[in-house]
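Student: From just these sequences and the hints, can you work out the full model?
4 protein chains.
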Amino acid sequence: MIRFNSDYSEGAHPKILERLAETNFEQTPGYGEDVYCMQAAQLIREKCQAPEADVHFLVGGTQTNTTVIASALRPYQGVITAASGHINVHETGAIEATGHKVIALPQEAGKLTAAQIAEYIDWQATDESMEHIVQPGMVYISNPTELGTLYSKAELTEISQVCRQRNVWLFVDGARLGYGLASRENDLDLPTLAKLCDVFYIGGTKVGALFGEAVVILREGLKKDFRYNIKQRGGMLAKGRLLGLQFLTLFEEDLYFEISAHAIALAEQLRDAFRKLGLTFFIDSPTNQQFVVLPDTICDKLRENFEFEYQQRVDETHSAIRFCTSWATKEEEIRALIQALSDLCQKP
Amino acid sequence: MIRFNSDYSEGAHPKILERLAETNFEQTPGYGEDVYCMQAAQLIREKCQAPEADVHFLVGGTQTNTTVIASALRPYQGVITAASGHINVHETGAIEATGHKVIALPQEAGKLTAAQIAEYIDWQATDESMEHIVQPGMVYISNPTELGTLYSKAELTEISQVCRQRNVWLFVDGARLGYGLASRENDLDLPTLAKLCDVFYIGGTKVGALFGEAVVILREGLKKDFRYNIKQRGGMLAKGRLLGLQFLTLFEEDLYFEISAHAIALAEQLRDAFRKLGLTFFIDSPTNQQFVVLPDTICDKLRENFEFEYQQRVDETHSAIRFCTSWATKEEEIRALIQALSDLCQKP
Amino acid sequence: MIRFNSDYSEGAHPKILERLAETNFEQTPGYGEDVYCMQAAQLIREKCQAPEADVHFLVGGTQTNTTVIASALRPYQGVITAASGHINVHETGAIEATGHKVIALPQEAGKLTAAQIAEYIDWQATDESMEHIVQPGMVYISNPTELGTLYSKAELTEISQVCRQRNVWLFVDGARLGYGLASRENDLDLPTLAKLCDVFYIGGTKVGALFGEAVVILREGLKKDFRYNIKQRGGMLAKGRLLGLQFLTLFEEDLYFEISAHAIALAEQLRDAFRKLGLTFFIDSPTNQQFVVLPDTICDKLRENFEFEYQQRVDETHSAIRFCTSWATKEEEIRALIQALSDLCQKP
Amino acid sequence: MIRFNSDYSEGAHPKILERLAETNFEQTPGYGEDVYCMQAAQLIREKCQAPEADVHFLVGGTQTNTTVIASALRPYQGVITAASGHINVHETGAIEATGHKVIALPQEAGKLTAAQIAEYIDWQATDESMEHIVQPGMVYISNPTELGTLYSKAELTEISQVCRQRNVWLFVDGARLGYGLASRENDLDLPTLAKLCDVFYIGGTKVGALFGEAVVILREGLKKDFRYNIKQRGGMLAKGRLLGLQFLTLFEEDLYFEISAHAIALAEQLRDAFRKLGLTFFIDSPTNQQFVVLPDTICDKLRENFEFEYQQRVDETHSAIRFCTSWATKEEEIRALIQALSDLCQKP
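Chains as they are written, first to last, in the working numbering: chain F, 2 to 349; chain E, 2 to 349; chain V, 2 to 349; chain G, 2 to 349.
FYI, nobody ran anything at the bench for these hints, they're computed from the structure.
This one's a predicted model, so the numbers in the text were calculated from it and none came from an experiment.
Check the hints yourself; a few may be wrong.
Note that identical chains are pooled: a pair holds if it fits in a single copy or bridges any two copies.
Stated by the list, open to error - Straight line, CA to CA, 35 Å or less: simulated DSBU-like cross-link-like pairs of lysine-lysine:
(1) Lys196 with Lys302
(2) Lys154 with Lys302
(3) Lys112 with Lys302
(4) Lys196 with Lys225
Tutor: Right under this line is the structure:
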């Protein structure tokens with residue numbers, strides 16, 4: 002059985018395990034106040050060309066989204082997201098559990114537009130009953146999105162302007178950021194993200210780490226007492242150095258970018274193969290998540306040897322499914338999948 | 002200036018004020034444990050033919066929705082509502098502030114269908130990632146809806162069945178219940194509501210009381226310690242008798258039904274007049290809220306002498322607006338409005 | 002049966018009922034945006050000599066405490082209170098339900114001292130593990146306290162200084178403020194309160210109104226979007242004018258002070274009688290709540306004709322009990338109580 | 002610099018790192034549904050002689066406390082704890098952030114008594130104003146406590162009975178459970194814990210794991226949908242197998258008990274040395290946390306080469322401090338500490 006259903010099926014890049022083993026008996030202070038966290042934070046600030054940024058390390062994505070959003074909003078404020086956004090769909094109401102409405106706007110290819118965001122904020126702010134309506138206090142976007150698509154620099158710039166003009170925070174969920182930055186279609190980089198967002202995070206869990214997300218806070222108003230929020234939301238790892246060590250390893254020699262590029266190269270092989278087989282794409286994704294439409298009969302056969310994620314029903318006999326590559330995917334696994342699909346598609 | 006913008010522009014039915022004055026210097030226990038609350042609760046149980054029901058009195062609608070919903074759900078559960086539902090739109094995120102997601106489904110004429118509810122609940126319960134998705138624990142519907150429409154007995158029966166088969170509570174917001182029950186198109190009554198819902202409330206604020214909503218709890222599982230919830234959510238009125246006295250007055254001689262019928266009669270006069278003037282209805286409402294589409298120029302003129310609610314833009318030169326009648330509306334006010342509209346519509 | 006167990010056993014001062022009846026059929030905007038609320042707010046600003054203050058009207062005390070505190074604190078902050086504070090003891094965890102810790106410090110006679118507050122804030126702010134400890138963001142005191150005692154001007158001034166130096170809000174719960182201001186031992190007034198606190202409220206429910214508390218916000222940082230908070234916490238009364246009208250009536254001709262003085266005069270008669278009977282005071286209260294220690298046998302007898310509140314067991318045969326006077330207490334009721342107690346105390 | 006300030010200064014037992022490395026490229030399902038989690042859960046059920054127990058793995062202690070407590074309580078319920086309990090003191094209000102009051106009772110040596118718990122629950126349940134008081138729904142105790150002390154089997158049995166008679170859950174925080182079970186004074190074991198509690202957890206973070214706590218749920222009423230709660234509170238690790246693998250390693254050959262015994266043996270060496278030096282114990286602890294009173298001058302000197310935790314001021318010239326041993330402490334470190342202290346104590 003080969004798993005393509007997620008980008009967190011394996012452990013971590015071997016260099017990370019080595020580093021953990023090497024430092025295992027060192028004694029460090031807890032809760033992220035060790036030297037490795039400090040070095041990793043400094044390195045990330047440099048990569049972002051954001052010397053004033055605050056960098057914090059948290060264990061996982063839901064925790065990070067919850068901590069960032071709850072710390073940024075006033076009680077009567079909500080967070081705007083695409084309806085397909087992770088916080089709206091797959092976090093068991095974690096944001097609402099902190100008291101805030103997730104304001105889901107219609108998405109196209111997993112994305113929001115600046116115009117759409119502006120229209121919503123302006124509507125609320127001028128409605129006769131505005132005090133009866135949740136006030137949007139933050140915009141949350143994922144890049145890459147949950148559908149594998151990317152925001153261009155132009156799009157993100159426009160969204161950033163809309164937010165700043167209206168005094169609304171902009172937060173970018175980068176759980177799969179590496180795979181976005183490594184995409185052929187991408188024109189963003191870390192310094193640009195740091196310039197355009199108020200806060201974003203660099204995902205480790207899905208990009209080579211055992212676990213971990215590095216939150217980069219750019220705006221002053223979000224920095225104060227953030228560690229209190231981390232602790233309260235259960236995200237302050239006692240042995241915080243485990244996070245620092247992992248991000249240090251990922252960024253010291255640009256390992257993060259290298260292993261992301263590997264995943265993208267394999268995803269492109271997959272995409273090319275799908276094209277050659279004449280399959281319909283459910284969505285056109287330039288990143289490590291590939292979505293195609295398959296006959297249910299082929300899905301069933303394929304499932305005997307491969308794991309992949311069921312996305313949604315397309316019609317009575319077809320479904321959209323998702324294949325993920327990752328830093329850990331092997332070329333032979335891709336070849337095996339392509340071969341199997343070719344065989345199945347060519348059978349009568 | 003005559004106000005048609007809401008059904009809470011005036012005070013209370015004069016009999017209520019009389020009753021308050023008569024009993025003003027009586028001494029009673031606080032917090033709803035007085036004899037008037039007990040009598041009113043008993044009377045409501047009788048009207049509902051629900052001798053086992055628990056009846057509680059709260060001050061207002063948002064408070065009531067919050068208290069009922071938060072007391073019914075487990076932390077990871079949410080409440081299904083039509084996207085137009087009051088809890089989704091006009092309560093400043095009060096439900097989310099208690100930690101629960103409002104699961105907004107598309108509405109038609111302000112209503113949900115049983116099929117739609119069943120489909121959503123069944124989808125969540127069978128999804129591979131179900132533990133990552135908020136579990137629907139309650140269905141919230143308003144009757145009349147926020148758009149003035151009504152659920153038929155058949156529709157409500159079907160929704161009730163869908164909910165019971167799936168162990169999901171059914172909650173009916175009856176902020177304007179009187180106006181629904183008095184409608185010519187209605188085929189529901191209190192005993193039927195009590196049979197089909199798990200909990201509902203009878204609105205007083207919009208139907209003759211100074212304020213107050215009577216919550217009727219039918220299912221055992223929702224009864225336990227409900228008063229703790231009321232107190233915690235800030236809804237336990239110190240002089241609780243004010244609520245008991247008002248509902249006693251409203252239900253003792255069926256005043257509630259009588260004054261609701263008055264509002265409906267006037268709403269029908271309005272509806273007939275709109276028809277005669279050839280106006281387009283924004284929605285076809287058989288209750289006290291009437292929605293029509295008017296040219297903006299007429300809206301502006303009309304606003305010189307009348308208050309009404311802006312609903313939404315229809316096209317570049319037309320808007321949908323809402324007129325409410327209530328227990329307090331005078332026939333002469335209706336005549337004045339019809340006259341004004343006729344004049345405006347007939348001008349070149 | 003005569004009730005001394007609370008100060009909310011009766012309805013409202015008759016002038017309030019008259020005013021409600023007179024204005025009953027006037028049409029006003031809802032949600033506190035009517036002319037009566039505006040006039041009442043202006044009047045209160047004048048009485049407080051605080052022309053820049055924001056004044057809001059809410060229905061009850063728990064709701065007010067919850068709304069003020071939750072709107073003032075960051076998620077990781079808590080509110081300091083005396084252990085006997087209403088928010089710590091008698092609000093069913095309403096503050097915690099908004100996500101905030103109630104930090105209960107030991108009280109003496111229901112009061113906190115400036116030194117005690119300073120010590121706690123400074124300890125948290127300098128502790129090695131400070132990020133693991135809830136940060137005090139507000140100090141809540143009641144005046145009069147839950148034990149009937151008063152803060153002097155000197156004490157409040159000192160507390161205010163401690164709070165301002167440390168950037169912690171000061172909130173005074175004035176549910177019984179009238180009875181405090183009318184006390185012979187009081188040296189505070191509304192303008193002084195407005196100078197020393199960041200926010201406080203003037204209680205109506207216990208001082209002549211049917212219900213209602215007037216929140217006075219002095220500091221800029223607490224004013225923004227406060228109405229969103231009121232709505233979200235369920236405290237925005239649809240017919241908000243009911244609140245405005247009541248406070249207008251109470252403050253237009255200083256009725257509030259007059260009826261408070263009445264309650265205090267009767268409380269003093271009671272206190273004098275207790276002294277003459279040689280009873281032990283549980284606490285020395287200069288306001289409308291009087292606490293004495295009685296043998297349980299006398300309590301039982303007394304309970305046949307009077308209601309009073311059980312405070313706590315003192316020893317195996319004695320209990321502390323509380324008698325409240327109010328704006329509505331009649332002199333003959335006081336005489337009856339004194340007579341009954343005298344009879345019981347002199348029996349063998 | 003040698004660190005005795007906590008039991009989480011190092012990484013993990015080397016066998017755990019080996020195991021992680023060995024399995025690193027295996028592909029498993031995420032979110033704790035892998036074979037290692039299943040095996041570890043089964044092993045723990047066996048060790049607890051609780052074949053019906055549900056076992057879940059979470060990342061850290063605050064997260065675990067929050068998830069367990071919030072999933073067990075109704076909104077108006079709170080959790081009883083000793084005032085010194087971790088949830089009351091050192092979790093930045095994480096419990097309150099889920100909406101629940103932490104009901105702190107006075108502790109003696111970090112412990113609660115059955116009598117004290119019974120008295121509180123019974124008081125609340127019979128108070129006239131019970132609906133205005135948070136209802137205790139759970140009792141939280143730590144074993145070992147935050148002060149290193151232990152509950153005896155007799156004490157825990159009595160507490161368990163008090164809770165069951167009153168329908169209140171009993172939850173034991175076992176963040177340092179290994180060190181408790183390994184103590185010479187302990188008479189509890191896992192099967193007894195499983196019999197007496199409704200839910201408890203076995204701490205990994207402080208006992209040899211990189212991170213991780215194993216929650217054991219014994220009572221049916223707490224099992225339902227627990228994974229939804231884990232996800233919502235941010236505790237569902239994507240690569241859940243990391244948790245399963247660690248607990249499997251710790252329990253397969255009783256490594257957990259072996260390394261705990263090591264820490265206790267070293268703590269006893271320390272305790273003996275303190276006795277010989279004639280130092281005053283701040284508390285008499287039979288586990289891995291040792292608390293002594295030292296002159297501030299000695300503290301300052303000691304701090305040049307050792308890290309330890311400041312507990313509290315004892316008098317003007319003395320402080321209580323804490324030394325922790327752990328699975329990772331080396332005998333030579335203990336010897337160095339004893340030598341340094343001896344030197345300092347014998348200097349003039």
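Student: Run every hint past the structure and note whether it holds.
Tutor: For each hint, the structure was consulted:
no., hint, verdict
1, Lys196 with Lys302, "neither (48 Å within a copy, 48 Å between copies)"
2, Lys154 with Lys302, "neither (41 Å within a copy, 47 Å between copies)"
3, Lys112 with Lys302, "within (33 Å within a copy, 42 Å between copies)"
4, Lys196 with Lys225, "both (19 Å within a copy, 28 Å between copies)"
Against the hints set out earlier in the document, violations occur for numbers 1, 2.
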